[in-house]
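So for the sequence shown, full-length UniProt numbering puts the first residue at 1; every next one is plus one.
Don't take every hint at face value.
[Stated by the list, open to error] FRET-style restraints, in silico, Cβ to Cβ:
1. V169 / F65: 42 to 50 angstroms
2. P121 / N37: 29 to 37 angstroms
3. L13 / C131: 49 to 57 angstroms
4. A55 / E85: 20 to 28 angstroms
5. L39 / E85: 37 to 45 angstroms
6. A55 / A102: 15 to 23 angstroms
[Unchecked claim] Subject to a maximum C-alpha distance of 30 angstroms in a straight line, what follows is the list of computed DSS-like cross-link-like pairs (lysine-lysine):
7. K51 / K62
8. K110 / K170
9. K41 / K25
10. K25 / K51
11. K62 / K110
12. K52 / K62
13. K110 / K80
14. K62 / K78
15. K80 / K62
16. K52 / K41
17. K20 / K62
18. K110 / K41
19. K41 / K51
20. K80 / K52
21. K110 / K51
22. K52 / K78
23. K110 / K60
24. K60 / K78
25. K60 / K41
26. K80 / K51
27. K51 / K78
It is worth saying that the hints were derived from the structure and are not from the lab.
Virtual Cβ for every residue (Gly too), placed ideally from N, Cα, C.
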Amino acid sequence: MDSFFGMETSALLQQFPQPKPAAIKHDLSNFYAAAINYLEKWYDFSDNYYKKNVASLALKSKFTFQHLCDAVEVLQIKEKLDLDELYEEYCVTLPCQDEIVARSTPVIEKWSTLLQGTSTPNMSAVASFLCSIPVTNAYVERVFSLMTMAWTDQRNRCSVDLIKCEMQVKSNFAYSCN
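Generate coordinates for the entire structure from the input sequences, incorporating the hints supplied.
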């Protein structure tokens, strides 16, 4: 570490009597080292981290075939795909990437638009796999919230099947049958 904490901090340190700035710099260095150790303990910054390898497929910028291969490798779905066909499919979708990246729509809609009207079973499998990974536990929390509302003290004798059916209807009511 180079012990540079910014010009404003340097100006403030010059206002202290002589032994104090060295002690403050030492404390700042210890804090910085502790913060780095904490981050490295709880987060994976290595090249093997799956989020690093799938981030390029969020369609915020153009992705290369190598990005696609890295994602396939880290998601461990290589055996389920034909990589030669995947390259052909990548080449088919390549001209559309610029237009889709520029849109401000959700990732799922971008992938849907990118793959729409093309015969791309391998890229569709990758996109389906990526979009099936939950990014939060919001859905589970929603299920528990619905269950709490359905299974009240007044309805405590309801069967599990009845509550299950009610929750399925409430969750899927907005979807069409087509």
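The hints, checked one at a time:
The hint said 42 to 50 angstroms for the Cβ distance between V169 and F65, and at roughly 44 angstroms that hint holds. The hinted range of 29 to 37 angstroms is not satisfied by P121 and N37, whose Cβ atoms lie roughly 45 angstroms apart. Against the hinted window of 49 to 57 angstroms, the Cβ-Cβ separation of L13 and C131 comes to about 51 angstroms, which satisfies the hint. Checking the proposed 20 to 28 angstroms range against A55 and E85 shows it holds: the Cβ atoms sit about 24 angstroms from each other.
The hinted range of 37 to 45 angstroms is satisfied by L39 and E85, whose Cβ atoms lie roughly 40 angstroms apart. Taking the beta carbon of each, A55 and A102 are about 18 angstroms apart, inside 15 to 23 angstroms as hinted. In summary, the hint linking K51 to K62 is supported, as the alpha carbons are separated by about 17 angstroms, within the 30 angstroms threshold. For the given pair, K110 sits about 28 angstroms from K170 by alpha-carbon distance, which is consistent with the 30 angstroms threshold.
The straight-line distance between the Cα atoms of K41 and K25 is roughly 24 angstroms, inside the 30 angstroms bound, and the hint therefore holds. Among the hinted pairs, K25 with K51 is inconsistent with the structure: their alpha-carbon atoms are about 35 angstroms apart, more than 30 angstroms. Distance restraint check for K62 and K110: the Cα-Cα separation of roughly 12 angstroms lies within the 30 angstroms cut-off, and the hinted pair is therefore satisfied. Between K52 and K62 the alpha-carbon distance is near 15 angstroms, which keeps this suggested pair within the 30 angstroms criterion.
Note on K110 and K80: the hinted pairing holds, with a Cα-Cα distance of about 23 angstroms set against a maximum of 30 angstroms. Proximity of K62 to K78 is assessed by CA-CA distance (about 22 angstroms); at most 30 angstroms being required, the pair is judged to hold. Proposed proximity of K80 and K62 is supported: the alpha carbons are some 24 angstroms apart, at most 30 angstroms. As the CA atoms of K52 and K41 are separated by approximately 17 angstroms, the hinted pair is consistent with the 30 angstroms bound.
Distance hint between K20 and K62 is unfulfilled; the C-alpha atoms sit about 51 angstroms from each other, more than 30 angstroms. Distance check on the hinted pair: K110 and K41 sit about 35 angstroms apart at the alpha-carbon level, beyond 30 angstroms; violated. Our distance criterion of 30 angstroms between C-alpha atoms is met by K41 and K51, whose separation comes to about 17 angstroms. A C-alpha spacing of about 22 angstroms is found between K80 and K52, which places the hinted pair at or below 30 angstroms, so the restraint holds.
This hinted pair checks out: K110 and K51 have alpha carbons roughly 19 angstroms apart, not beyond 30 angstroms. Proximity of K52 to K78 is assessed by CA-CA distance (about 18 angstroms); at most 30 angstroms being required, the pair is judged to hold. Only pairs whose Cα atoms come within 30 angstroms are accepted, and K110 paired with K60 is accepted, the gap being roughly 10 angstroms. Between K60 and K78 the CA atoms are separated by roughly 24 angstroms; this keeps the pair inside 30 angstroms, and the hint holds.
Using a Cα cut-off of 30 angstroms, the hinted pair K60 and K41 holds, with the two alpha carbons roughly 29 angstroms apart. In summary, the hint linking K80 to K51 is supported, as the alpha carbons are separated by about 20 angstroms, within the 30 angstroms threshold. With a CA separation close to 17 angstroms, the supplied pair K51 and K78 stays within the 30 angstroms bound.
The earlier numbered hints that this structure contradicts are 2, 10, 17 and 18.
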